[in-house]
Amino acid sequence: MDRISVLRIGVPRETQPGENRVALVPEIVDRLTKAGFEVLVEARAGEAASHTDGAYRDAAATVLPDARAVFEGADVVLKVREPGATEQGAHEADLLREGSTLIAFLNPARNPELLQKLAARRITAFAMELLPRISRAQNMDALSSMSTVAGYKAALMAANSIGKFFPLLMTAAGTIAPARAFVLGAGVAGLQAIATSRRLGAVVEAFDVRPAVREEVQSLGATFIALDLTDEKLVGAGGYAKALSAEQEARERELIHRHVKGADVVITTAMVPGRKAPVLITEAMVRDMRSGSVIEDLAAEMGGNCELTKPGERVTAHGVLILGPVNLAATLPVHASQMYSRNISALLLQLVKDGALHLDWEDEITRDTCAVREGRVVYGATRAAAAPAPAQILPAGSKVSA
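Residues -5 to 396 (our numbering) are what the sequence shown spells out, left to right.
Some clues are possibly wrong.
Here are the simulated distance ranges between beta carbons [as the list claims (entries may be wrong)]: (1) 368 / 133: 25 to 33 Å; (2) 308 / 2: 38 to 46 Å; (3) 104 / 310: 39 to 47 Å; (4) 165 / 240: 48 to 56 Å; (5) 212 / 2: 45 to 53 Å.
Please keep in mind that the hints were generated in silico from the structure rather than gathered at the bench. Backbone N, C-alpha and C fix where the C-beta goes; we use that ideal spot for every residue, glycine too.
Work the whole structure out from these sequences, hints included.
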């Protein structure tokens, strides 16, 4: 067990384009300072999430003028996104004090060069997306928190983009039928999309190969759509959906095609960790959809579940509007930051004992969340060997226990 003294926690302003969240909100800073930590916050770090520098000072944080001052003074740096270039042109990875600790979403599968850079500076780096999905880590599960935000916002965007009412309306002009929504994947994002669409009044159907989510879908007032082959054999280690055979995949696509054709809104959430998202909606399916319908593809950043999706763009094809939003959580920065702050502070406190870091590498949370340690990248070979097979439906936050 390694023991590294930790006195100061640094919170820089996020540098990634469009990123409005902040790693710690004043509410959590107040708790940490009362627990004996010193918190350093870059000026305007919380501005986009509606938190002023004054609010951080009131929580006993020290507000510093720039990122360099925060990185130089911090023993542990908490961020939302992976290190990037600052406004002054320096890279945050180079500003981290050698031997310090970093906790953030690092997207390790897509950032091997960043991991090597962190290793060269002997940074101990923890990736929030690697957190094991176990009961005692639930309050640290930032992936589920951000998936909740994304699923909620996806339903709102779809409702705002379609040329129809979502609810059934009885009007002087007669009865208006409700919109029909079809959600692919019933993980955390999918369930929130279902719940929000139902609250807006849509008739909702949802598809997932994992039978364990049937009751959750039905409890939200949606219809659960399943292949007749859906059973526990399609659930692999840890609750992930297994890959389907060629025959099963063909039947899955046929079922999806049938329900996509009848939908006004389709929200897709299927992703495979570290891999390109599976294509579940082909151009042929889009061609068969109703003119004016909408596809909201939450897997856009990972290649998209729809063959025609373009990340970050709105595309119209065959009369169908296809939305490819990226980083939806950043569009609701107040609550997304609040949730993330609670998650990341819970992980930090898991690593702390008596005011200092105690990195117990025998502990599952510490070991599995770490991406870089002692000058070497530990994310990679061992993790790949233990990874589940590619899945056809693996929604954000899609463990059966989620």
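Range agreement (Cβ of residue 2 with Cβ of residue 308, hint 38 to 46 Å): 44 Å, holds
That 45 to 53 Å hint for residue 212 and residue 2 (C-beta), does it hold up? 49 Å, holds
For the hint 39 to 47 Å, verify it against the beta carbon of residue 104 and that of residue 310. The hinted range 39 to 47 Å is violated for residue 104 and residue 310, with Cβ atoms some 29 Å apart.
So the hint says 48 to 56 Å: do the beta-carbon atoms of residue 165 and residue 240 match that? 49 Å, holds
Measuring from beta carbon to beta carbon, are residue 368 and residue 133 in 25 to 33 Å? 28 Å, holds
Checked against the numbered hints given earlier, the structure breaks only hint 3 and satisfies all the rest.
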